[in-house]
Amino acid sequence: MSRKSHADLPSLLPRLVAFARTIIGDADSARDLVQEAAARALAARQVPEEPRAYRAWVFKIVRNAAFDELRARALRRQEPPAPAVDLWRYDDAYIAKITVEQGLAAIAPAHREIIALIDIGGFSYAETAEMIGVPIGTIMSRIARARTALLQAIEESSIRPLKSSHGH
Amino acid sequence: MATERTSPDELLLHALVDGELSPREHAAAASRLATDRDFARAYATLMRLKASVVEGVAEAEPIALPLPRRRDRRIALAGGLSAVAVAFGIVLAIAIHRNPEPIASGPELAAQTVKLVSLSQAAVLPDLGPAGLKLASTVTQPGTKGEVLTATYLGPRGCRLELRVQHAESDVATAGGTDRRNWRVGELAYQLTAYGMPPERFAVVAAATERATRAGTLPDGVDRRLREARISAPPCLT
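In the order they appear, the protein sequences are chains A and B. The opening position of the first sequence corresponds to residue 1 in the working numbering, with each subsequent residue numbered one higher. The opening position of the second sequence corresponds to residue 169 in the working numbering, with each subsequent residue numbered one higher.
No lab work stands behind these hints, which were simulated from the structure alone. Heads up, some of the hints might be wrong.
Which chain B residues face chain A? A few, computed with CB under 10 Å, are given here [claimed, not checked]:
#, residue
1, E178
2, H182
3, V185
4, D186
5, E188
6, S190
7, H194
8, T213
9, L214
10, L217
11, K218
12, V221
13, V222
14, R328
15, G364
No residue lacks a Cβ here, since even glycine has one placed at the ideal position from N, Cα and C.
Start from the sequences and build out the full structure, keeping to the hints where you can.
Right under this line is the structure:
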C-alpha cells in the first residue's frame, strides 16, 4: 500500500457519510460506519491506484457495511433513532430538507441505494452498474423507479414547505 | 420492487438530469424542453428533486468525523490510528490551504462580489455560490511585477478552483491543475485553474467567471446554468 493510494480519502469522507446516512437513516451511525470503513480501507493490502477505481472501491466498502448494518438492525428489530430536531430552524429550506430525508427513509433500501450512489456518490450509470453487478439498462430503470418512489413518498408525507404569506 | 415498465420518456428525463446523454441526445432533449411543457415540467421536478437530495443530504455533513462509539475489536487499533491519521490529514490540509493572514474569507466574500484595491487595478473575485463553490481563502504573494492574488474556491464534493490575478505583464504560472483558462481584463491577467473538476462543468464555470470579472458581477441568467452544471456533474477527482 502506498501513501498516495489514500490521498483522496479525506475529500471523500463527507460524501461517504452522506451516502451511508441515506442508506441506514441516521447520521451518528453513518459516521461510525464510515469511520470503521475508512479504517478497513487504510488497513487493506491491495488498494486501487486509479482515482475513479479508488472512489468506487471505498464506496463499495461503505455500501457493504451499510447493508450489514441494515441486516443487523433487522435481526435486532431496531428502529433507526429519530433525527435530532431543532424547532427553531423550520424555514422553507429546512423543511424541504426534512421532507427529502423522510421521503428517503420511507422508500425501499434498494431505492435509497441507487439514489445515494448516483446523486450523492456522483457515480455514472456505468460505474453504478459495475458496482452493483447489473446491466446499465437496469440502472436506468431502477433510478427512474427510485425517484418516482421518492416523489410519491414526499407527496404522501404530511410535511409541506411553508409558503410565505405576503399581503394577508 | 415494482414490475411496471418505465416509459422511454421517463428514462430519457432521468438520463438528462443525470448528465448521461450524448451531445446529440442532449441537444434533442433540449429542443424538446423548449416545446413540450409537460416534458419541461417533469424535467424541472426531477432537477429540483436531485438538487434537494444533493444539497439537503450531502452538503450538510461536516467534514470531521467524531471518535467511534462502537468498534470492531479486530480493527480497533488500526482503526483508531487510521482515523487519527485521517483526521490529522484533514486538519493539516485545511491549515495548509488557508492563508495565515487572509484579506477576507468565508461568508463575507462568498456573499457578494469583492473588489480588491491592493492590485494596480481592482481585481474582481466573483461569487461562485450558484456553482456550489465558496471562496475559502485569498493569498497575496510578490510577483515579477507587483502582487499576485490567488483566491481558492472550494466545493462540497471535492472540487477546488484557484483564481490567480496579477499584472498582465507578469509571468503567468502554469503549473498544476487539470484544466485552465486565461484571460485579460485591462491591465490584469486572470488565470482560473481547476483541480479534478469535470471539463464540461469547468467550461461553464470558467465562462461565467470570466464574464463576471469583465462585468463586475455574474450576468443575468448565469446562475441557473451554474446550478445545472453542478447538479448534473459528477464529483471532482483530485
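Each hint, compared with the structure:
1. A least Cβ separation of about 5 Å between B:E178 and chain A falls short of the 10 Å threshold, and the interface hint therefore holds.
2. Residue-level restraint check for B:H182 holds (minimum Cβ-Cβ distance to chain A is 5 Å; threshold 10 Å).
3. Restraint check, B:V185 versus chain A: the minimum CB separation of about 9 Å is within 10 Å; hint holds.
4. Taken as an interface hint, B:D186 checks out: its beta carbon lies about 6 Å from the nearest beta carbon of chain A, inside 10 Å.
5. Hint on B:E188 holds. Least Cβ distance to chain A is approximately 5 Å, under the 10 Å limit.
6. Checking B:S190 against chain A: minimum C-beta separation of about 13 Å lies over 10 Å; hint violated.
7. For B:H194, the interface hint is violated, the least distance from its beta-carbon to any beta-carbon of chain A being 15 Å, above 10 Å.
8. At a threshold of 10 Å, the smallest CB-CB gap from B:T213 to chain A is about 7 Å, leaving the interface hint in force.
9. Because the smallest distance between the Cβ of B:L214 and any Cβ of chain A comes to about 6 Å, under 10 Å, the interface hint for this residue holds.
10. Checking B:L217 against chain A by beta carbon gives a least distance of about 6 Å; that is within 10 Å, so the hint holds.
11. Interface restraint check: B:K218 against chain A, minimum CB-CB distance 5 Å, threshold 10 Å, status holds.
12. Taken as an interface hint, B:V221 checks out: its beta carbon lies about 5 Å from the nearest beta carbon of chain A, inside 10 Å.
13. The restraint placing B:V222 at the interface with chain A holds, with a minimum CB-CB distance near 6 Å, inside the 10 Å limit.
14. At a threshold of 10 Å, the smallest CB-CB gap from B:R328 to chain A is about 9 Å, leaving the interface hint in force.
15. The closest approach between the C-beta of B:G364 and any C-beta of chain A is roughly 8 Å, which is under the 10 Å cut-off, so the hint is satisfied.
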